[in-house]
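Undergrad: What follows is the residue order along each chain.
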Amino acid sequence: MNLLSLVLVNLGRNKRRTVLTLMSVTVALFLFCALGGVLDTLADAIKFGSESRLATRNAMGLVFPIPQAYRQRIAAVPGIRRIAVQNWFGGLDPANPHNFFFEFAVDPENFFPMYRSEIEIAEASPPQAQISLPADMDPKLAAFMTEQTACVVSEVLMKKMGWKLGQTITLQGTIYPGSWPFTIRATYRAISQAFGGSGMFFHFKYLEQKGMGGSGAVGVYKLELSHPEQAAEIAKQVDALFENSAASTHTETERAFAAGFVSMYGNIPFVLRVIGLAVAFAILLIAANTMVMAVRERTSEVGVMKTLGFEDSTIFGIVVTEAAVITLGGGVAGSLLAKYAIDTSHFNAGGAFPPMTVHWATVATGISVALVIGAVSGLIPAWQASRLRIVDALRRVE
Amino acid sequence: MSAIEVRDVYKEYQRDSQHIPVLSGLTFDVAPADFVALMGPSGSGKTTLLNLIGGIDQPSRGQIVVGGTDIAKLDGRKLAKWRSRNVGFIFQLYNLIPVLTALQNVELPLLLAKMSGKERLQRAKTALELVGLGDRLSHYPRQLSGGQEQRVAIARALVSDPAVLLADEPTGDLDRKSGEEILQLLERLNAEFKKTIVMVTHDPHAAERAHRMVHLDKGVLSN
Amino acid sequence: MALPISYNVRNVIQRPVSTLTTALGVGLTVAIFIGALALASGFRAALVSTGSADNVIVLRTGADSEISSGISRDASDVIRALPDVAPDPDGHPLVSPEVVVVITKQRLGQPGSSNVTVRGVDAVAMRLRDRVKIAEGRMFTPGTDEVIVGLRISRRFAGCGLGDHMRFGQREFTVVGLFTADGASFESEAWGDNAVLMPVFRGEVFQSVTFRMRDPSRFAAIKQVLEADPRLHVQAKLESAFYAEQSQTLASLIQFIGVFITLIMAVGAVFGAMNTMYAAVGARTREIATLLVLGFSPWSIMVSFMIESVFLSLIGGALGCVLALPINGISTGTTNFQSFSELAFAFQVTPAALLAGLAFSAAMGVVGGFLPALRAARQPLAAALRAT
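Residue numbers (this note's numbering), protein chains in the order written: chain F, 370 to 767; chain Z, 5 to 227; chain R, 18 to 405.
Chain F with its partners taken away, still in its complex shape:
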């Protein structure tokens, strides 16, 4: 037997109380880490997008187009190696209206080479006709390139929706009204953490002809840079080109562009932190309450131990340790449970976020919070026990 086993034995004194306290601390820490997981996921979402690629949009807002004429002028800016178009389509699968996924209309001969380090073509239909592709395009895209209504869909989405290669899916346009048939000619997978979400890509020409009457209004240009460290200056140069035009532009790194969407959530992280604090405070109260009760019942025993020669400081340490052990147990249980539950749920708000996760750092924080709060909650009863005079302790028979 040693001092630690004394602590454990004391906890076993009233098993029901210890278990109840343990469970409420577990529950509180579960919540704390679940909320932390939301914050972690948002933090991950901000890391979408590359810092060496730029995104140009209409300065007024995303709903406004950029004239196609801008393309040549942007291409002329030194340092820009390639330009691709990426237009938001906004369609719904009428068979699954609540399953949200993105659809982008792109110019594939520029877009896919630009993203070759992030997107890898997995499977593809064989091409119907012979066609020569640019050297830096994946040859598997041949079938896709020969059909204007073809599309490339993410593997994850294929599985989720039960689609097959070669299948024609029909989406309802919300911005571009009508029924839009697309034939799946290839599937892709993301090979970089920075590429987020799952959805599909199709030909900009299709959108232009069927939905824009041939007018070709661009939503977003993606710019590939030859010298990524010059990103900031090049962005300024691009915007300077159109400062005084009817449609002025706003250019920023792709990462900043993605982060902008996350910032739309505004106050939510703050609110979640406040709730997390409230939860932590609640744990403190529960643990403190338990410790006060537990120690009060042991007044005469504390007296006896002092009689035997145990120092006040030792008694103090024993009580604080007791408090910390209960909360440590609950902290470990709750944090791990939260990580397990959330990571396995793969909840991702329909592709708007990376799948929800709880970072190990958050688990560690949760456990430390529990430990510290446990120790703090034991402070008052520990202080009282250490200050107890032997004669008073022995006299008090509860």
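Keep in mind the hints are simulated off the structure, nothing from the lab.
It is possible that part of the hints are untrue.
What the hints assert, rightly or not - One-sided and incomplete, this derived list gives chain Z residues near chain F with beta-carbon spacing under 10 Å:
1) L83
2) F93
3) H219
Owing to the predicted nature of the structure, the values given are computational and were not obtained by experimental measurement.
Yeah, the Cβ is synthetic: ideal placement off N, Cα and C, and Gly gets one too.
Chains Z and R: place on chain F using the hints.
TA: Then chains Z and R, alone, in the frame of chain F:
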């Protein structure tokens, strides 16, 4: 040299704003290996005197020298250390820790001394065998009778081999037979092991087993 | 024979530290519960008050929000000519075709930006939406580069205060007035003259047409007429239903999060209450035994402890109400991804929410107190009398 020298000791308590004197200028000696019965009506201060000698309370004024050390001058920490080595307590209500076994209860004071776990166990076992409970090592206090509990308490008081044993009404809660066993044990500890024993009691029967009796009334000694 | 309630009340008061800590634990849970209700209330209020069941809003077929819709001038004229459209006191049809876009603006006091809805209106819009009132400044002069901004937006975004200039494209617009709309989502918008904004924004196309019905009971028929017209390609909805739909996802999300958090905290608080009540029962063993001997039934003992637990939790509930009250009226906002624009709203702590909070605390008291109360009632008499 006396084992215990109490010199001109005063002790008063404060309740609200009133000062209540319990001991006023008490002087008292106990020789080594003596067995003294401290008697007196309730409120006479006998338990207070015992507590002072044992270092679990401190006098308002005066000297208390036990085993050569003036414990009235020691601060809290040193006093705790001193207690763990020099004195063993036996209480009326045994005061065993209910969640520890008999063996663990006796082992408890040894946690304060520098010795290995093995040594501690050995010593505790020996102490329990000495009091005749070698077969009850893993019993919990609630599984023992009153007399057995008190014997465990005595084993605990002995285990760090103190020179002095202080007993506060050791047989107060026991029936005649068990009380008798306890008193016999105390006699043996005094005769064989030369322990100095001061026993507070109001039972004349118990008092008879001591070498001498001392009376305390309103904080004043009389023989 | 029933035990007097004063017995329980006194017992609760006699253990101040333990009572207070348990009450605070319950209180925090109740405060968060009320906060979640207040958030949902405020959110709902913003949207419910936005739409009227007397108005119809017309969007292009297939559009899921105003900004993805497009209605030509001609189509808008067809709608104006409908006999079902109610006239204003001067005889003009109460029809408001509107340009709606979403622009990106910097947030005030927080990093990042969000989307603000800008709406082009004609003068008739104010008559159609009669809850909109100018709070500061004045209405914009038609035909000029002037705009009015919703009060909520002016506080939350940079450069949207009275006298500030908002830049759209190459033109600068001056904010000449701030308006309120009874908390409706219009308060999260900026309004300008249709004729001036149209060329700046999307060209010759409106995003929505809203009108007042002469006879609201005819809505189904009106809807059919509009949707069947081959010139139009539109869908028609009751304005109130439209705004309710727009908020559905976000409302469910808020509700889900609120319920999730509160339930979990409640479990923790119940455990805390259970602990406290078990301790109370344990400390009063002999007392309970005495009561049983005196002739009180085990049932009355059980009821008595349940009441004590509920009383304790109600104290917590009251504390929670007090803690939650200050958030009433606090403005917050987030992006409603369905409409792709910022929706600002205020927490609304309603009397109903407070009552719900108290009821919730009482429920926690009942659940937490049940087992300990049962134990008190079932305790074996003889053993209890001997216990210290």
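Undergrad: Determine which of the earlier numbered hints do not hold for this structure and return their numbers in increasing order.
TA: Those not satisfied come down to hint 3.
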